[in-house]
Amino acid sequence: MLNAVYRLVAPRRFEVEFSDIGLKAGQIIVRPSYLSICHADQRYYQGARPIEVMQQKLPMALIHEGLGEVVFDATGNFKSGDSVIMIPNMPKEKDSIIAENYLRSSKFCASSMDGFMQEHVALGIDRVVPLDSSIDKSVAAFTELVSVSVHALRRFDVIAHQRREAVGIWGDGNLGYITAVFFKAMFPDTRLYVFGVHQEKLSQFSFVEETFSVTDIPPDLLVDHAFECVGGEASQRAISQIIGHICPEGTVSLLGVSEYPVPINTRMVLEKGLRIFGSSRSGREDFLETVSLYHRHPEVVGYLSNIVGAQIEIRTIADMNRAFETDIHKSIGKTIMIWNK
Amino acid sequence: MVFGVILAGGDRQSIKKAKQYMLLGSKPVLVHTVEKFYIHERLEKILVLCPEKWLEDTQEMIEKYFPASQGRIVLVKSGETRNETIRNAALYIEGHFGLDEDTLLVTHDSVRPFVTYRIIEENIEYGLKHGVVDTVVPASDTIVYSEDGTEITSVPKRSIMYQGQTPQTFHAKKFLELYQKLSDEEKSLLTDACKIFVLNGERVYLAEGEIFNTKITYPYDLKVAESLMIP
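Here the protein sequences line up with chains A and R, keeping their order. With our numbering as the guide, the letters of the first sequence map in order to residues 1 to 341. With our numbering as the guide, the letters of the second sequence map in order to residues 342 to 572.
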């Protein structure tokens, strides 16, 4: 079946090309319905990745956060019209120790293969997670991003020692907000502090114990563990502050993506005996746990709806450009494309 | 009930030269088109109408590419003209499933394999709501009207001009009723199904097509189509 794929061919330019999807057994055909724009998509859209990366990756369909409706399932597990969250990580092998999102052989939508900006997406049965109608679709659209936080929090629970009286999250953007929302749901007894730059963004963290401006942190403030959700050029400063304010043997969870190497004060890492671990992306288990958390803690869906930004219906390529341009000019929030291609 | 009706009546000397059987990528154009309808659950059956001499070959093709179709794709002999072919489809449905006021036909050219899910979906939706639907895109070229073919009679305003594509969607019963009223001469002049409805004062709604929902008519079209395929 000829399938329209809307690929980025150059910065700010989408064009349609066609793939041939087979209707073979074991595959589900999903029609994207709600797609959410991520910073990683924006870096390609604006041409902000290094030129050799752009040359290697393009043309490529963007978007790895999205919800869709099953249109055809030769496996008989889904009905036409069922809502499913699409998992963008595509493992090519099984490993009993290493998680699917860390296997070097895994492919990832909108990074090493076409993303979800397509008429249909053909997915294996284990690459979709059912979603019932009680969950707001605009929120469910960015479940992938949420599952990255949930993944990091699950690993934190395994890695960090048990003294968890106070934990800090550095970063007041979408990732910091989502990590904070789920931290409170998963670790309700821990005091949570959020450190950010923008007062209006920090004011959205109404459910945490305290927020601080990074220019005005009390010198004697200490946290047992910390999450870095900053990324980019500000990563260095955030990690440096974390190392300054963390207690000995604390755990530092890195989630922010940076294009460049970030210097770290290793002397203090050694002196305090810190554990630093990175997390990236997520796997099926994290998606399942995220959807389960939506049901077990319905308040998180309400908090997540606070960061739903512009919702733009997509019928033409001009609409796609409009969605990405709108997303550039937002201060916080997720731009959702209501996909009707 | 809603039926997909794929019009594959184009009759060349040999099956290999007929556009609907040419390969686009690894599959015949017709197979790509049928696949687009096959995944639509709202379509009860998909009728494929082809010349009698190719019924057997087409049947083999359907069995090869749709092994699990279990009778959902039905082959029917096409007619001499486009509207005769649609008539055959309507009569086949009448004979096998019965026709009622709500029996809707989503008719589509077999050589438009780029039709999208949305276009088919909106045809069904508007068809159920309004009765008759034509799929169009705004005209990109200026349309020139000439009565004698040598001089311009007028140049219509482009912003209200559209180019017709398919699907065209309408109720089978209404189509048969209007078509049977036509004289032989009118039948030979009216090559477009929607035109029959318009001339009878029926309202025909517009569904938004896609520029790429083109017909594969010439070898050039096939080359363009292939150049748009992701390797």
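Check the hints yourself; a few may be wrong.
Unchecked claim - Dumping the calculated SDA-like pairs for lysine to any residue here, alpha-carbon to alpha-carbon at most 20 Å:
#1 R/Lys405 with A/Ile21
#2 A/Lys24 with R/Asp562
#3 R/Lys358 with R/Asp562
#4 R/Lys536 with R/Pro572
#5 R/Lys405 with A/Arg281
Simulated from the structure, these hints should not be mistaken for lab results.
Against the structure, the hints:
1. Between lysine 405 of chain R and isoleucine 21 of chain A the alpha-carbon distance is near 16 Å, which keeps this suggested pair within the 20 Å criterion.
2. Pair hint lysine 24 of chain A plus aspartate 562 of chain R does not hold up; C-alpha atoms about 28 Å apart against a cutoff of 20 Å.
3. The straight-line distance between the Cα atoms of lysine 358 of chain R and aspartate 562 of chain R is roughly 14 Å, inside the 20 Å bound, and the hint therefore holds.
4. Under the criterion of a C-alpha separation no larger than 20 Å, the hint pairing lysine 536 of chain R with proline 572 of chain R is inconsistent with the structure, at around 40 Å.
5. For the suggested pair lysine 405 of chain R and arginine 281 of chain A, the alpha carbons sit about 40 Å apart, so the restraint of at most 20 Å is broken.
Hint compliance for this structure: hints 2, 4 and 5 are broken, all remaining hints hold.
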